[in-house]
Amino acid sequence: MTVSVSIEGVSKHFDEHCALKELDANIRGGRLTGLVGPDGAGKTTLMRLLAGLMSVDTGSLKIDGRELGPHTSDIHQLTGYMPQRFGLYEDLTVLENLKLYADLRGLDRRMTSGLFERLLHFTGLGSFTDRLAGNLSGGMKQKLGLACALMARPQLLLLDEPSVGVDPVSRQDLWDMVQELAGEGMAVVWSTAYLDEAERCDEVLLLEESELVYCGAPADLTRRLQGRSYLAKNLGGDRRLWLTRALELPSVRDGVIQGAAVRLVLGRDGSLDEISGLVESVGGRLEAVAPRFEDAFIDLLGGGPDGHSAIAEKMEPVEQARDIMVECRDLSKHFGDFTATDGISFSVHKGEILGLLGPNGAGKSTTFKMLCGLLKPSSGVAEVVGLDLRHSPSTAKLQLGYMAQKFSLYGLMSVQQNLEFFSGVYGLRGKLRRDRIQEMIDTFELQPYLAESPENLPLGFKQRMALACALMHRPSVLFLDEPTSGVDPVTRREFWTHITGLVAKGVTVLVTTHFMDEAEYCDRVALVNRGQLIALDSPDALKASAACAALPDPTMEDAFIRLIEAQEPPSEHAA
Amino acid sequence: MSRVSKTAVLLRRMAALTRKESIQILRDPSSLVIAFVLPPILLFLFAFAVSLDVKHVPFAVVLEGNGVKAHSLAAAYSATPYLDVVPVRDRRIGRELLTRGVVDGFVVIPQDFDERVLNQVPGAAIQVITDGSKPNSANFTAAYAEGVFQIWLRGEAGAAVAPRIDQRQRVWFNPELESRRVLLPGAIAIVMTMIGTLLTSLVVAREWERGTMEALMSTPPSMLEIIISKLLPYFALGLIATLGCVLMAVFLFSVPLQGSLIAVLLLSSVFLVPALGQGLLISTLAKNQFVAAQAAIFSGFMPAFLLSGFIYEIDSMPTLVQWITQVVPARYFVSSLQTVFLTGDVWAQFRWDMFAMLCVGALFFSITLANSHKRLD
Numbered sequence: 002m003t004v005s006v007s008i009e010g011v012s013k014h015f016d017e018h019c020a021l022k023e024l025d026a027n028i029r030g031g032r033l034t035g036l037v038g039p040d041g042a043g044k045t046t047l048m049r050l051l052a053g054l055m056s057v058d059t060g061s062l063k064i065d066g067r068e069l070g071p072h073t074s075d076i077h078q079l080t081g082y083m084p085q086r087f088g089l090y091e092d093l094t095v096l097e098n099l100k101l102y103a104d105l106r107g108l109d110r111r112m113t114s115g116l117f118e119r120l121l122h123f124t125g126l127g128s129f130t131d132r133l134a135g136n137l138s139g140g141m142k143q144k145l146g147l148a149c150a151l152m153a154r155p156q157l158l159l160l161d162e163p164s165v166g167v168d169p170v171s172r173q174d175l176w177d178m179v180q181e182l183a184g185e186g187m188a189v190v191w192s193t194a195y196l197d198e199a200e201r202c203d204e205v206l207l208l209e210e211s212e213l214v215y216c217g218a219p220a221d222l223t224r225r226l227q228g229r230s231y232l233a234k235n236l237g238g239d240r241r242l243w244l245t246r247a248l249e250l251p252s253v254r255d256g257v258i259q260g261a262a263v264r265l266v267l268g269r270d271g272s273l274d275e276i277s278g279l280v281e282s283v284g285g286r287l288e289a290v291a292p293r294f295e296d297a298f299i300d301l302l303g304g305g306p307d308g309h310s311a312i313a314e315k316m317e318p319v320e321q322a323r324d325i326m327v328e329c330r331d332l333s334k335h336f337g338d339f340t341a342t343d344g345i346s347f348s349v350h351k352g353e354i355l356g357l358l359g360p361n362g363a364g365k366s367t368t369f370k371m372l373c374g375l376l377k378p379s380s381g382v383a384e385v386v387g388l389d390l391r392h393s394p395s396t397a398k399l400q401l402g403y404m405a406q407k408f409s410l411y412g413l414m415s416v417q418q419n420l421e422f423f424s425g426v427y428g429l430r431g432k433l434r435r436d437r438i439q440e441m442i443d444t445f446e447l448q449p450y451l452a453e454s455p456e457n458l459p460l461g462f463k464q465r466m467a468l469a470c471a472l473m474h475r476p477s478v479l480f481l482d483e484p485t486s487g488v489d490p491v492t493r494r495e496f497w498t499h500i501t502g503l504v505a506k507g508v509t510v511l512v513t514t515h516f517m518d519e520a521e522y523c524d525r526v527a528l529v530n531r532g533q534l535i536a537l538d539s540p541d542a543l544k545a546s547a548a549c550a551a552l553p554d555p556t557m558e559d560a561f562i563r564l565i566e567a568q569e570p571p572s573e574h575a576a
Numbered sequence: 004m005s006r007v008s009k010t011a012v013l014l015r016r017m018a019a020l021t022r023k024e025s026i027q028i029l030r031d032p033s034s035l036v037i038a039f040v041l042p043p044i045l046l047f048l049f050a051f052a053v054s055l056d057v058k059h060v061p062f063a064v065v066l067e068g069n070g071v072k073a074h075s076l077a078a079a080y081s082a083t084p085y086l087d088v089v090p091v092r093d094r095r096i097g098r099e100l101l102t103r104g105v106v107d108g109f110v111v112i113p114q115d116f117d118e119r120v121l122n123q124v125p126g127a128a129i130q131v132i133t134d135g136s137k138p139n140s141a142n143f144t145a146a147y148a149e150g151v152f153q154i155w156l157r158g159e160a161g162a163a164v165a166p167r168i169d170q171r172q173r174v175w176f177n178p179e180l181e182s183r184r185v186l187l188p189g190a191i192a193i194v195m196t197m198i199g200t201l202l203t204s205l206v207v208a209r210e211w212e213r214g215t216m217e218a219l220m221s222t223p224p225s226m227l228e229i230i231i232s233k234l235l236p237y238f239a240l241g242l243i244a245t246l247g248c249v250l251m252a253v254f255l256f257s258v259p260l261q262g263s264l265i266a267v268l269l270l271s272s273v274f275l276v277p278a279l280g281q282g283l284l285i286s287t288l289a290k291n292q293f294v295a296a297q298a299a300i301f302s303g304f305m306p307a308f309l310l311s312g313f314i315y316e317i318d319s320m321p322t323l324v325q326w327i328t329q330v331v332p333a334r335y336f337v338s339s340l341q342t343v344f345l346t347g348d349v350w351a352q353f354r355w356d357m358f359a360m361l362c363v364g365a366l367f368f369s370i371t372l373a374n375s376h377k378r379l380d
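Protein chains in written order, with the numbering used here: chain A, 2 to 576; chain B, 4 to 380.
If we strip away everything but chain A, and leave its shape as in the complex, we get (with noise of 0.2 Å):
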C-alpha cells in the first residue's frame, strides 16, 4: 500500500508574517522526502500543519484524496509526529513512554506487547526498558521518540529535525530504521539542517522565505551544477586564509574547506580563469569533482558568504608570546560511579583550531567544560595561556571567550543590555566598553534590532550576538560549544568565516560539533569516546586512517563511524 499526500496552493500567515506562501508539491508513500531550508523558511509550519496541528489559511492538504487538518477525526490514526526534541515525557522509563503512547493511540492491549517487542527491538532499545528517558543520550531519545511516533502505525510519518544535536553514529541508525519503513509503503518526511541527509533522500522540498524553490529528486538539483565544482589541493600555508582570498573572487560562487583541500563552485558562467591563477600562485593543483547537492543547495539560495569577517579585520593581532595556548594533563572527571572524563591530555597551539568530536554522552562536553572553568576536574590539570583554572580562575577566564550551546543570551533583556551586561561581566569600563559595543553592534549589523530581545532575532543574528559577547573583551582563546547546532548552511559558512577571519589572527579556538563538514575546518580533531580519548589528528590523517578496500576514500562521517566502533562492538541493531 502506497499513500499520497498533495499540497496545493497551501498559505499560512502568523500575523503579519507569511510562514508559506502559495505552496504546491506531492509527498509520495514508499519514499523518503527531505524537507530542507534555512532557518525560519517555513519547515516546521509545513511539518505542524501535516500533523493536523495547524490550520491552512488557504489551500488543502490532502491524503489518499482526504482532507488533513485540525478537524480531520481521524488524523492522529494517519500521521505520526515526531516534533523537535522528540516529544518524551523524561521522568518516565522507556516503556512507560511507550505505553502512554499506544494508550494515547487506542491501541489493542493484545496487540501491544507484540508491537512493543517489534519497536524496542528495532530501535535498539530492549536493555533500556526501565531507564528514565530523560536519563538516555540524545541518540538514544531520539530513537525512543521515532517509537512513540510509530506507534499508530501510520501512513504518513513526519519527523521535524530528528537529527539536531545528535552524533554520527546514531543518525546513520535513525536513517537505515526510516528507510526500512518507507520501504513499507509510508510516506516519511525528515526535515533537517544537514544536506548530506537530503542528498540521501529520495526527493526533497527546499524551502526558501515561505516559497518552495526546489521539489525533486536530489540528483536533479545537483546535475544542474555539472562541471562547476572543483577541489584545489596542495594550497601549502594555510588553506583558510587562501580560501578567504578565492571567496573575494566574484566568478566563485562559494567555497568551503575540506580537510587539506579547498572546494569551491563556479558562478553559473563563470570562467575557470581567475581560480586557476589564484591556485597556480600558491603552486597547488585545481581538480574537478562530481557536484554535491550542498554545492547545489548554496548555489540555489544565491551563494555563500564572500568570506570576509568584519570582526576579525578590526581585532589587533593576539600578542601572546608563548606557543601553547590551552593544555590539558591526565584530565579526569568523576560524577559518582560514572567517570565522564578518563585521563585525557592534549595540548592546543596558537592560532590553532582543535575540533572535539565523539558520540552524545563520551564526555566532550564535560573535557569542554573542565576547560574552560566551568566544571572542576576531579584530579588532572587545566590550564588556558599557562595559568592553572584550579588555582587562577578569574585571570584565566578574562583570557578566554566562551560561546555556549543555544547563545545564552537573556531572553529578557534587550540587545543592547546584553551586549552592556556582557562587556561588564567581562570588566570593560567607561570609554572602552562603549567603543566595543559600539564595535560589536556596526559589525554584526545589530543596529535595527537593539531594543529588542535576542529570542526574537532570527537564528543567524542570535548567533552573530553571542559571538559578539565572546569577542567584547579580545580573548586569545575561543571556547565554542556547538557553536552551529540547528544552524543552516548559509549562516553556518557566514560563521565559518568569523572563526577564520579569528585564527589568522592569533586566536586559538576550540570548537565542538556534530557537523562532520565542520570539522574538516579544523587544524586538528580530538576524537572522544567513553570518556577517552581514541584519536587526535589532522582530519586528512583521521580520513586516511579509515580508508580499506571497501571504502578507499572515506569522508570524515566515515572517519567517524568507524573509529568508534573500533572501540566498542557494534550495538545489536548495527548487526
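I should point out that these hints are in silico values taken from the structure, not numbers from a laboratory.
Note that this is a predicted model, so its numbers are computed, not measured.
Where hints are given, some of them may not hold.
Here are the simulated lysine to any residue pairs, SDA-like style, with alpha carbons at most 25 Å apart [claimed, not checked]: (1) K100/A / L219/B; (2) K72/B / K9/B; (3) K290/B / G487/A; (4) K9/B / A452/A; (5) K290/B / M112/A; (6) K9/B / M112/A; (7) K9/B / G70/A; (8) K290/B / G412/A; (9) K9/B / F15/A; (10) K290/B / F15/A; (11) K100/A / S225/B; (12) K290/B / F347/A; (13) K100/A / A18/B.
Please arrange chain B on chain A, whose structure you already have, making use of the hints.
Relative to the frame of chain A, chain B by itself:
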C-alpha cells in the same frame, strides 16, 4: 466503532494520562515537598509562631500616688496574667520606656489618686497611654488596662453600692479565645491553595516548556480529556494533604473538630474545583513555569492569605475590598472550615459556601476551556 468501545477507548486514554501524571508527581520531589512537607511547616508556624492572643504584654505602671488605693490598684495591675508589669515612680520614665519600645503602654496613677477616688472627683482618675505604632496591641492593651481598673473599682465599691446591672461577657465557640483554633482551619485553606493552584499552574506550562505538549496534541485525546486527566491526580493529592492537615490539627495541635470529617472532606473537594481551575487557567495562559509560579503566588496564595478572612476579618475591610473578596474562593472555604472546626456541621452555611465556590470554579474552567485549543495557531 460501537458506542461502548468508544467509551472504553476514551476511558483508557484518560487512565493512561492520569497514570502518567501520577508517576510524574511521584518522581518529582518538588511536588511532593509542596504537598507533604510544606503543610506541616505552615501548620506548625500558625500554631505556635503566629498568635493573635495578647498575653504578657510589657506594661509600665507609673505609681505617683502613695495612698492605699493607689497601691491597691497597682497591685491589681501586677496580678493580671495579661500584663507584665514594670513598676516605676515617674511618668517621664514611663514615657521613655514606651519610646524605647520596652513596654507597649503605661498607666499613670497620679499623686491625688486616693483623693479623687474617695471624693469621686469628676474627670479621669488614671491615664492609659499605648503604642499606636502597633494598633492591634494598642487596642488590646488599652482595653486590658481599662478592664483592670473597672474591675478594681467594682471591688472597691464592694457591697456598699451593688451595681444595678450585672454585666457578664461570654464568648461562644472558642471560649478561651485561643487564636490557634481559628488560625489552623484557615491555614489548611492556605495549604490547599498552594497545592491546588501552585502545583496545577506548573503542569501545563511544564508540558509547553519541555516540548511534550506538541507531541501530546498530535495524539487523539481532546483538550478536555487532557485537562481532566491532568487534574485528577492533583485532586487526589490535595485531598490526601487536607486529610493529613486535619489529623495534625486535631491530634497534634489539639484543635477540636466539632463537625464531621465527612463535611471537611466534602468542603475540601468542592474548594479544589476553583483552586485547580485557577491553577489551570494560569498555566494555559503562561507558557513557562516561572511566570506561572509568579502568577499563582500573586493571584492564588496572596488573596487566600489576605482576603479570605483568615487573618484579617472581612467585615473590617473597606467596602470595595469586601466586594473583591467575593471571587476569592478561599474566603468561602475559610469560613466553612472555621465553622466545621469550631461550631459543627452547619449545612445551611456550607450549602451556600459550596455553591459560591462552585460558581467561581465554573468561571475559571470556562475561561480555561475557551482559551485552550488543541492547535498551535
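Structure-based check of each hint:
1. K100/A / L219/B: 13 Å, holds
2. K72/B / K9/B: 90 Å, violated
3. K290/B / G487/A: 23 Å, holds
4. K9/B / A452/A: Distance ~53 Å between K9/B and A452/A Cα, so the pair is violated.
5. K290/B / M112/A: 37 Å, violated
6. K9/B / M112/A: 18 Å, holds
7. K9/B / G70/A: Within the cut-off at roughly 22 Å; holds.
8. K290/B / G412/A: 14 Å, holds
9. K9/B / F15/A: 36 Å, violated
10. K290/B / F15/A: 18 Å, holds
11. K100/A / S225/B: The given pair, whose Cα atoms are some 18 Å apart, holds under the 25 Å limit.
12. K290/B / F347/A: Violated. K290/B to F347/A sits at ~45 Å, over the 25 Å cutoff.
13. K100/A / A18/B: 11 Å, holds
The structure shown violates the earlier hints numbered 2, 4, 5, 9, 12.
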